[in-house]
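Heads up: the protein sequence lines correspond to chains A and B, in order.
Be aware that the first sequence starts at 730, since it is given in the numbering used here, and climbs by one per residue.
Be aware that the second sequence starts at 434, since it is given in the numbering used here, and climbs by one per residue.
To be clear, the hints were calculated from the coordinates, so they are not data collected in a lab.
Hints are supplied without guarantee of correctness; some may be wrong.
[To be verified] If you want the footprint, here are the derived chain A segments under chain B, 3+ residues with CB under 8 Å: (1) 832 to 843; (2) 888 to 902; (3) 1026 to 1032; (4) 1060 to 1068; (5) 1074 to 1084.
[Claimed, not checked] Restraint-style ranges between C-beta atoms, simulated for each label pair: (6) B:Ala713 <-> A:Gln1070: 32 to 42 Å; (7) B:Ala486 <-> A:Gln1070: 23 to 33 Å; (8) A:Gln1099 <-> B:Thr467: 27 to 37 Å; (9) A:Leu1134 <-> B:Gly472: 39 to 49 Å; (10) B:Arg461 <-> A:Gln1099: 53 to 63 Å; (11) B:Ala713 <-> A:Ala863: 57 to 67 Å; (12) B:Gly472 <-> A:Arg1029: 26 to 36 Å; (13) B:Ala640 <-> A:Pro1130: 52 to 62 Å.
Please read these numbers as outputs of a predicted model, since none were measured by experiment.
C-beta: ideal position from N, C-alpha, C; glycine also.
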Amino acid sequence: MPFPHADGLSLLLMALTTLVVGASTLHGVRYLQASGAPRRRSLLLWPLLALLWLALCTLFASGHLVVQYLVLEVTALCAVALMLLPGSQASQVAGRRYLLCTLSGSLLLLPSVAWLASQQPDLSLVALAEVEVAPWWLAVISAGLLIKMAGFPLHGWLPPAHAAAWVPVSTVHAALVIKAAFFMAVSVWTTLAPEALSGAQLLGWLGSVAIVWGSLLAWRQTELKGVVAYSTVAQVGYLLLLFPLLFGTAEAVATLAWQSTWLLVISHALAKAAMFMAVGSLVLAMGRGDLAGLSGVGQRLPLSLLVFGLAAVSLLGLPPSGGFTAKWMLLHAAILAQQWQWVVVVAVGTLLGAAYVFRVFRYCFIVPEQEQTMRVPPVTLDIIALLLALAAMGLGLAAAPVVALIGGPP
Amino acid sequence: MNDNPGLLLAALATSLLVAPLIFLLPERAWLARTTLNLGAALLKLGLVALMVAGVARGDSYALGFTVVEGVSFQLRADPLGIMFAGLSSLLWLFTTLYAIGYLEGSPNRKRFFGFFSLCVASTLGIALAGNLFTFLLFYELLTLSTYPLVVHRGTPKALAAGATYLRYTVSGGVLLLIAVVALHVLAGEVNFGQREVLAELGPEHHAWLIGIFVLLMLGLGVKAALVPLHGWLPQAMVAPAPVSALLHAVAVVKAGAFGIVRVVYDVYGIALSYELGLLAGLAIAASFTILYGSLRALAQVDIKRRLAFSTVSQVSYIMLGISLFGPMGTIAGLAHLLHQGLMKVTLFFCAGNYAEELGIHRIDELDGVGRRMPGTSLAFTLGALGMIGIPPLVGFLSKWYLGMGAIQAGMPWVIAVLVASSLLNAAYFLPILYRLWFKPGPLEGCGAWPEERRLGRLETSAWLLWPVLATAAFSLLAGVFAGLPFSPLSWASLIATQEYLP
């Protein structure tokens, strides 16, 4: 059966995909008009986004490894095509780099799946639960998926790609495409390797380094989009903390970690999409992309800045956002499991996160030396982004129904 | 459990919903913004007054829902919370009035008042929170909403102060988060007042409880400016005067102190805190802070910096009071929560008035100001004498009850701390009073004011003068009429006798 997995989590992720792709499409129409993108190229955006939406929904609903693998490839190719759309020098270079990286990921995935097929003809996840896999196999497939989800240390392709792509593309990519690879990694690990405890710890440590490294680099960026892109690297690190807490721990810990991670996936998707949209408006208005251009922007574009702020609150995991509730549950799981290292990592990550977010705001509060001219982008752009950001905030206190839908680990 | 949730929500919503409305108004809509601000402040004061009366009658106000399994959002009005809510809504009204006058004609007023309302909403949320999760929510919201106020002026100095402020408060927030989660892991959800939950944990959990308590104190101590976690407070003085007043009297510093009160009385319970030896540690930390803050205040030449170090010292009286095991100490600590707010807000308003009207920032520029600005100087004198602890001002009551509490708790060394601190208070406030009233100033032909502006027909703008006089009058009346019901002292005694005595 290709679709036995249409459980609460799949439904949630499909709803999330539909919401984010839909919002990005609506946003994209106005954004591309306002930014004066060539019409021939922008027309290509819609079919590609539609295909991407279809592929992602198939992936989240699928309980079959081959189906997951195939649609992940479709997703990646769509994403590469979307990245190349602006046609600028930077986007060509970043897109090619992304293509090379994602294809090398595929080169690791393909033999792994083929080897598995030689062991067990039925590759549905249910049937695969019986199969024993060797550690090298797990390492190879995990490495392939880590490339695709921009997990440390295989994240190098992500920041330039996000910086060069169109805003509606960056939103969908950061919010959904990298989560697709994470989703597949989780289903591979829960099915095939629930005993690979040291491997799970290793993934946790990779995640920890990603949190620290991504946040530090986000803090060092001079371009606004760079800050947002590196913050994605850090956020993927938080997701990887799921593995050490899910395997080999008590059921209560595993449930908490499971629920917190998917809650984080959802709130991060909403918040990151909102943040990219806000950054898009800010860059459009300032006519430049660097942080120094932000001084005095609060006067002219309070709404964009508000959206950025709300999204940042969720990304940092400050209350009352979805990110906060997710972080609360993650800490709860880590303390319950007495795996103190992750508590420290989350604490350090929060501090570094605050450092890079407030660095952006610091520039906003500087009083500009001369009045600069800004074009105010259409207000619809900000309203779409605001709704997404508010959804990420609302997820914090209204987490109960969402968590109930996520359910427990398989 | 939902009892009369309407009033609670309405009180919270008055300032929470005003914030987006203010952000939506255009910058030049002065009249609409002012009406909205004052209307909301008055409305909130009325709603809180209704709840105070209700709580005194024995009504309960509560509202709650589950966030995730084992964690719930709880708002409720108990005597302690409503006391803090009353203080914050009273001082919000005066601070708003003052801020309207203070920021007259300066840029970015919309942003200022928007975040100002958010800040007050967070303070009210802190007051009405029914458990640590809800408390933490509003506590962090307070950090976020005060940052734009601290960096309001956008100068390099303000930005640096804002960065320091965040470094301290965000780190404190993370520690607090970890501590609260750890407490959940250990004991499940503890609503404020369910003191038996932790008390019934066996002795094998005591090491954990002590560890979590230390973490909680570190997290809350940052905002309460316990030495050595106080470094952000003197720097945050670059903020506009109404912000400093708010920060020192009700919002940030008090939120920390109030959190400590909640943890000691309503989570751990005073008996368990005493049994675990936590109170002694708190008393030592508070005493050290009191003396250190006063000593540093002596050395300051900038008025606001001297007041800031005085806050460091004075807020620790609250912690000292609750760490004295016994009802007297409790009364002293809780009453001082209100007393210090009234006095400190007055002093900061005065400092703002001197700076606005005459351009005075340093203490040595204050010579002879008493004759130029008698109203403001009178208010300053009342506040300063209260801080020193001269009867019948409120500060005297705090110190008197602290002393009695120290004897009751069998910690006579605390009296030495009190005496030393009062002497230091006198040493750093009396010279100011001497300069104000007795030294010849520019009116007698000695020197000139740094930057005189003649803001109004009175000694300064009426917006600036009346709030100062009002808060000064409150701090006098609260001392003189301490025996009447609803005075800070009798309310604190009510809490001490009804809630905290076994």
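Please flag the earlier hints that this structure goes against, numbers listed from lowest up. 1, 2, 7, 10, 13
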